[in-house]
Amino acid sequence: MIKTLSRSQTSGKLFLKFFLLFFLLFQVLNVGAKDNRGKKGAPEPDLKVGERLYYGLISMGEEANACASCHTYYTADTINWNPSALEMAVVASEMDLATFKSHLLEPSGGVREKVHANYSLSDEQLFHLHGYLKELAVDGVPEKALSINTILIFLLLGVAMAIALVDLFFTKKIPYKVIHILIILFGLSYQGKVVAHQMIDLGRSHEYMPDQPIKFSHQVHAGDNKIDCMYCHSNAEHGKSAGIPSAGLCMNCHMVVRNGTNSGQFEIAKVVDAYENNKDIEWVRIHNLPDHVYFNHSQHVNAGQLDCAECHGKVEEMHILKQENDLSMGWCLDCHKTTNVNFLGNDYYKVYEQLHKDIEAGVRDSIKAADIGANDCMKCHH
Amino acid sequence: MEEKTYVSGYFPDDKDLIVAIKELQEKNVDIADVRTPFPVHGLDKVLKYRRSRLPRAGFVAGVIGCAIGFGFQAWVFTQAWPLNFGGKPFMSVPSFIPVTFELTVLFAAFALVFGFLISSKLGPGSDNIIYDEGVTDDRFQILLEVKNANGDALQESLQSVGALGVQLHEVKS
Amino acid sequence: MYVSPVREPLISGEKSYSKVTKDIYAPMEGKPGKLWYAGLTAALIALMFGGYSIFVTVWDGIGTWGLNRTIGWGWGITNFVWWVGIGHAGTFISAILLLFRQKWRTSINRSAEAMTIIAVMCAGLFPLIHMGRLPLGFFIFPYPNTRDVWVNFNSPLLWDVFAISTYLTVSVLFWYMGLIPDIGTIRDKLVPGIKKKIYSALSFGWTGSARHWARHESMSLILAGLAAPLVLSVHTIVSFDFATSVIPGWHTTIFPPYFVSGAVFSGFAMVLTLMIITRKAINLESYITKAHLESMNKIIIATGSIVGIAYITELFIAWYSGVVYEQYAFVNRAFGPYWWAYWIMMTCNVITPQLFWFKKIRRSFAATFVISIFVNIGMWFERFVIIVTSLHRDFLPSSWSMYTPTWVEVGIYVGTFGLFFTLFFLFIRFFPVIAIAEVKSVLKTSAEKFIKKGK
Amino acid sequence: MKQYWKSIEDLVPAEEIEQEKKSSMVLSEGKESSGNSRRDFLKYFGFGIASAAVLAGCERPVKKAIPLLIQPEEIKPGTANYYASAFYDGTEMVPILVKVRDGRPIKIEGNDLCELTGGSTSARIQASLLNLYDESRPAQPMHNDTAITWEQVDADMLKLMAEWDVSKEFVILTPTVLSPSTQKLIADFKAKYSFVVHETFDAISYSAIREAFEKSYGEALIPSYRFDKAKLVIGFNADFLGTWLQPVAFSRQYAMARKLTGGQREMMRHLQFETTMSLTGSNADERVPIAAADEAHYVSALYAALASKAGVSVPVVTIPDVVNKIAEELWSNKGASLVVSGTNDVDIQSLICGINELLQNTGTTVVVDTPVHLFKGDDKAYSALLSRMEKGKVGAAMFWNTNPLYHAPMGGQTEKALASVPVKIAVNSQQTETAQLCDYSLPTPHFLESWDDAVLIDGVYSLTQPAIRPIFKTRQAQENLMAWAGFDGKYYDYIKLYWKENVYNMSLSQGKQFETFWKTSLRDGLVVDENIQKSKVAFSGSDFGSIASAYSAPKSGNELELLMYQNVPIGDGTLANNPWLQELPDPVSRICWDNYVAVSPALAALRGWTQGDLLSINDVELPVVVQPGQARNSLAIALGYGRTNAGRVATDLGKDVYPFVAMNNGHRQYYLEEVKAVATGGTYELAATQSHHSMEGRALVRETTIAEYLKNPASGNEMHEKFNEINTSLYSEHEYNGHHWGMVIDLNSCIGCNACVVACSAENNVPVVGRNEVRRSHEMHWLRLDRYYAGDTDNPEVVRQPVMCQHCDSAPCENVCPVAATNHSSEGINQMAYNRCIGTRYCNNNCPYKVRRFNWYDYTGADTIPNNTVDPAGMTLDLKRMVLNPDVTVRAKGVIEKCSMCVQRIQDKKLTAKRDGRELEDGEIKTACQQTCPADAITFGDTNDPNSKVSKLMADARQYGLLEELHTLPSVVYLSKVRNKDKNKTLS
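Chains as they are written, first to last, in our numbering: chain F, 99 to 480; chain Y, -7 to 165; chain E, 5 to 459; chain Z, 6 to 993.
Hints in this document: simulated from the structure, not taken from any laboratory.
Using C-beta positions, here's what the derived DEER-type ranges look like:
1) Z/Gly922 <-> F/Gly321: 26 to 36 Å
2) F/Lys448 <-> Z/Ile75: 33 to 43 Å
3) Y/Gln71 <-> F/Asn323: 46 to 56 Å
4) Z/Ile75 <-> E/Gly55: 54 to 64 Å
5) F/Leu283 <-> Y/Thr70: 28 to 38 Å
6) F/Asp456 <-> Z/Asp233: 45 to 55 Å
Where chain Y lies over chain E, by a calculated footprint (3+ residues, C-beta under 8 Å):
7) 16 to 23
8) 167 to 175
9) 181 to 194
10) 210 to 220
11) 226 to 239
12) 440 to 454
We put the beta carbon where it would ideally sit given N, CA and C, even for glycine.
Starting from the given sequences, assemble the full structure and let the hints guide the process.
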């Protein structure tokens, strides 16, 4: 199940890559034209050439992969354990050309040695590539292009419907009115669907799956190594938010574990660096609720004794964490309507005398969360 | 494509029209259509049109609207999410009356109007043929369909009952 | 059909069917006059001012209005109720008078209905813009959503949503179905061209076929049967906004009939105001005659008197109830800080229409024009008195306060006049002001002199 | 694009985080902008998760979450911690608890370990929290308007001290120092530098009381007053419930002595003689308006009347009838009565001593052997200091949280004196007028950022601890002294050492080691040493007779006199730059954002003045407020306004009348015997929250007299039974399984101090709207104190009623909301979902109590439309927004809001009980208003629980619902007011 899912995603990704490549090629040509006019005298790296090299548009040797194929711009969708383009650029920009060359062409150890073995780059090419990476480290990764298909189809349908209407009333070129009607019906239903979906998605982030500063894999930690959720997110037991573990907590293990299952030393080194050099790690929040919603983890995890997976899904199977549920109000309410309360096991609920009597009398066999006011507005909106 | 031929003639007054129709009916001439600038009283009886079924359509739609209106409100308040508003019971029937009534009227009105338009084949884009633009002004027109190439006979019979401007129209439909 | 010989003709002058068409089509022919342009420009300026005021309201907040913690509704809802009231005349004339087979309605029903629709549109604007969060106004519709929240069917404001939108829809349907034959007439008057094509499409392919007429008549009658209770329901439900509340001065069981008659009262007054100008402006004197005037004014006396009785009943019940809050509310209306509003209301609504008992007055266009404006002013103040005066001093004296409108509220009100007249000017320019077919159908019985052949 | 936040996670924009990454955990001195240093504390103090909203177009915002690098065990993101501390602003000292959430102090509560205050606070204490986030606080050390570093300050000062001319004084001017550590530090400092002189200056002077006690008891002291032990209290212009001495403690004692719940059948009786209607006077059972000039006469007469009963020499004083009656009453309550005066006049205060002595109150209600250490400032010493300054004997002066230029300008003398001091140092946490004249401004942190200790009464020690790291580059004044004297360590170490050496002893710590004792003391915030030696003070007597005979006849004539008083919100004006306080309506006039001239109705009618007419009073122009109950020819103006350098909010609000305060007999006298008042013809619109003052004969506040009450507890409330009988409903009532929350408000206890209003604002993020909006009746308070006058306008009776959402079980508002934004919860709460509200205001119209509040404008910056805020008090600044409670939604423009019965607190405590698997205890949940109420007038609880306190109170015969005849079935219930008077005892 999961495999097929990822395959279909890969094919989608492939298409996107081609598209992106094509798009970038176009852009590269443009950028090159602009940036070529360097000052005379001091040699200036040709950024265009550098970028082309990075994308593998200029050959770097037999069977040599493009830099961009391993050190991608964006990590989302599928996990790529290699350092990202930006991270590479930051590292490279701190090196002089010679070090850069030796790191690139004669790396030591592990996968890197094998993959980088086939590269043959001239010093000039290296100079350009280095220049490009330096530039990239400053400018950052270009923004992802937005998908405009939906908007395009939406607008085209609008035009088609307008034409159909005009033809229906005035020009009357098409003899069969069925065609007009079909066009309008199809257009309206498609547009309606798009609008409805857009409206539902407004402020929602179902399946949100952003890049994180560190390629932390829940699959490796919670899945393979079976670390309990509460070890890191202990605050879920007694606080409002589950909390993101401090770097100090990471170091409990990573004092020793310095070599990652998939990522080598690079990712773990970031945690160590943050811990040792007092740097913050800026995680990207995935599960966000609107400001007017009050949600308390301890209510659900501790008092309600819910399993984390009920809301967060099978986190232990996610390399890149994503938002499993849409976290909509309807989703909350539905769960409240169907989830049993640990009614007899918690003395707090003694206050519901009538319900206890009902259970004794057999009128009810269970108490749902909604029966004791879980769906009151002010339980979450105050 | 089929071709049809009609003969038309008009009268300047509604009384003349009714007299003429009766005369034509006596002659067993089938009247295809009568077109008038305003609803001529009693014309439908003369032409022996059966009573319109629109009222029935309106009634059925009204009943549906009523049921939907009441049912939906009752469902929302008792099944979907029963909320306590001002201590009223969830099934607070008096509160449902206005919306139920409005929906009844709305559904019935839509049924009537669309029933009328559809049964009369009227609507935006409808390309009914106007044989005489005076019909919407002051002419009371009779249309006779030419079958079996009896066009001349029909023209004559029309003229004989006093119709003015008797003409032949060929129509592709 | 039997016509009482005593009845005076409804249509004056010598008329033939063709003359009727010509007369009514005349204002749509050729280029519009300077007066029309001037009127439209003035209306558009007012509309733009209103638009700007609405912008200020939405951008800065309802705080730009003169409302406060005690008085949550002021001019906005006053104007809403006022416009809705005005929007009662058209459908009343076309539906209820149709059911009662009043022939005099034929000359005025078309424009009255148009006025109804425009007035309801103006009215509908207020509940929208008086919302604190207009962009979220769609919450008021019971549409399926991922929050699983529906609406509160107990709320009179929600009933309003259904009532007003149903009323507007049904009124538009009724009006437009009536218009179809007349648009056909216009279409056939036009020379071929784009204009003709547009009218052709708008006429829905009307042919005047006897079958169509038969169905049309049947539909109109049933629709009138539906619209009649609908008209009564709309202001009933608007009155529920107040009647179902607890505020002294609002919580009154006589509100539904009182509001409905008040609505018809103000609606007729507005129709008169407009028709008196329109008949002069576009030369329809022979179609809108003193006979029409008199019939309308009789209804004004009737409804005005009902309103007057309602006022007195309210006072009596307040006294009779023995409830201090009720008693205070009515004393406060008459003698509190807003006493002037109450007495303007009393004068304009109860006293002035009684002048129509004099035949001379009720048959005078000039007098009717003045009185109709008085009635409209009075009816506006009635709503102001009910809303503001009741709210500003309710149960707890600690919260009592005063209300003064700001320029923004006035601007929006002016803007609705702009909208009203803009649409009305467009209407008289592009659509026949009088129902041509209906006038023709009563021409023989009601015209002063009928000419069989006009040409 | 918008960026609103509810939890701390969303607070800090990404750019700032970016900058912060580079800075270390310690505050870096080099940074200039206050915005940056603000961030530091967030990180230091358990700033759990900071996230940033970066909006690109309409894309979903990327929210960053930054965990702490190393998480301290006690700090849990999203969970509040409470730290015990103490409030002292130079007036009252109250032990408090500070609620700290994610590193930000967001609420102040009273410390319920304190017997005196019982965990209650006042409006000003509640509001003092907001001064912490005041953006106009002095942010860093300055020398003549140039920023300098603390090292430079120390270098300059050491140089100054080294080169000191010993013939001159280095004056340290402080308010009364309650801190024994600071006292010792100053002593040490003086020991190091012999030329240092420490002077005490209080913003409001009470020096006459001390002098009077010195004359009569041989020691300049202010005794502990025990209102709770008194059966009869007579006040002379003493606003002891509002501003006089220790209002929180006195309010509590007063309310306890007047409660009729829990089986108490006796009630203290309170009579008040006063010039203007004060909060205290409005609570009195009977009240006599007197001119300020006649107060001495009335006191003398009372002395004379009592002297004749006691058989001591009787001075020749004409005794008014009313005084005779009172003397009678007092005499019959000998030993259980209390007479106090708020006038700073030695003669009056001496006579008061004499009266209390005659009544044998000393030891019971006037406890002289446990004096309070408040208000030790001596006006005579202050005058002497000024003249020394003028003579050039003072080389440097350090104004340590004192503002003499504003509080005691002395007709320009203070300014002149200051001009002749070569080096002037301002050491304040707030901007002051005096600081403007100073060469150095060395800002101190807010008290919530400071360490300190205090001794209010011998043996009662309190600790002040910081709840947050200093936001600005400030340093405690004590640390200044330590640095300049070359003492090692921080002030914290100094306090700890002092405690180790002076406070700690084995019996006090129950045998524990000092570290343990220190930690428990810090945790508790206060330590009471029962065994401390009490000072022995004995009455030595004074010639009261001759003092009294000097006032044998009333003085007042037809001239107008002027009384300067402190009002409840602003007090002496020290905390004036506080939007919550400025927006708080005066409990008597219900006017906010301004001061005004209170005039009597008779005078107003005579002169044709009406509210808002501008009067020129000795060239100060202020608008008129017609104040029922004011003495006929007296005018009254509140102090604390007209600040010229107080910060954004308070500067130029109202007019300053401190310049009218002059020395009389060596004490600052807060009234002028004769003023000219001329109407200028202009008018001014005051921001009044109530414009109608009569109940119009409606049974809103139901009251009875004690005699009637004792006969029939339901007296005055008879209609309750009747309404209960006739009220029926078509519908059956909903069942409330589990809890049904309810509240009882005892109108007999409520004194109307308005502390609850500020507490509510702080807890529930209630917006501040500003003067102009209040004028338009747009105020937002969820809870208000309605005040009605009854009877004679010259001396009316006053009733008060706190009104918040009544949480009706058949609520008119719920029915009419078209979008179901407000409905009833399964626990009986009238709930309001702000995010669902579309703002039709229908609910507000249909609310008979008018407790719903509409967000007319964007007051909070939570609106989607940019740049349209109405924010006169800077409440939308990032800094001030830190005071917001993250558990309560910040409401956007266009929505209705109202009291939620502190549902966030209910939910929190319920959750705690659930997590612990135990039943919820009665009284565990306290609403913000209830928690702060010094009078314990508010009780909250579960009405479904027959044993809860609230259920028991609801069975009281005095119980009724406001407007219960409407059958709204409110969950908030009132207990009727009882006045301790009857026909036999009526004064007039």
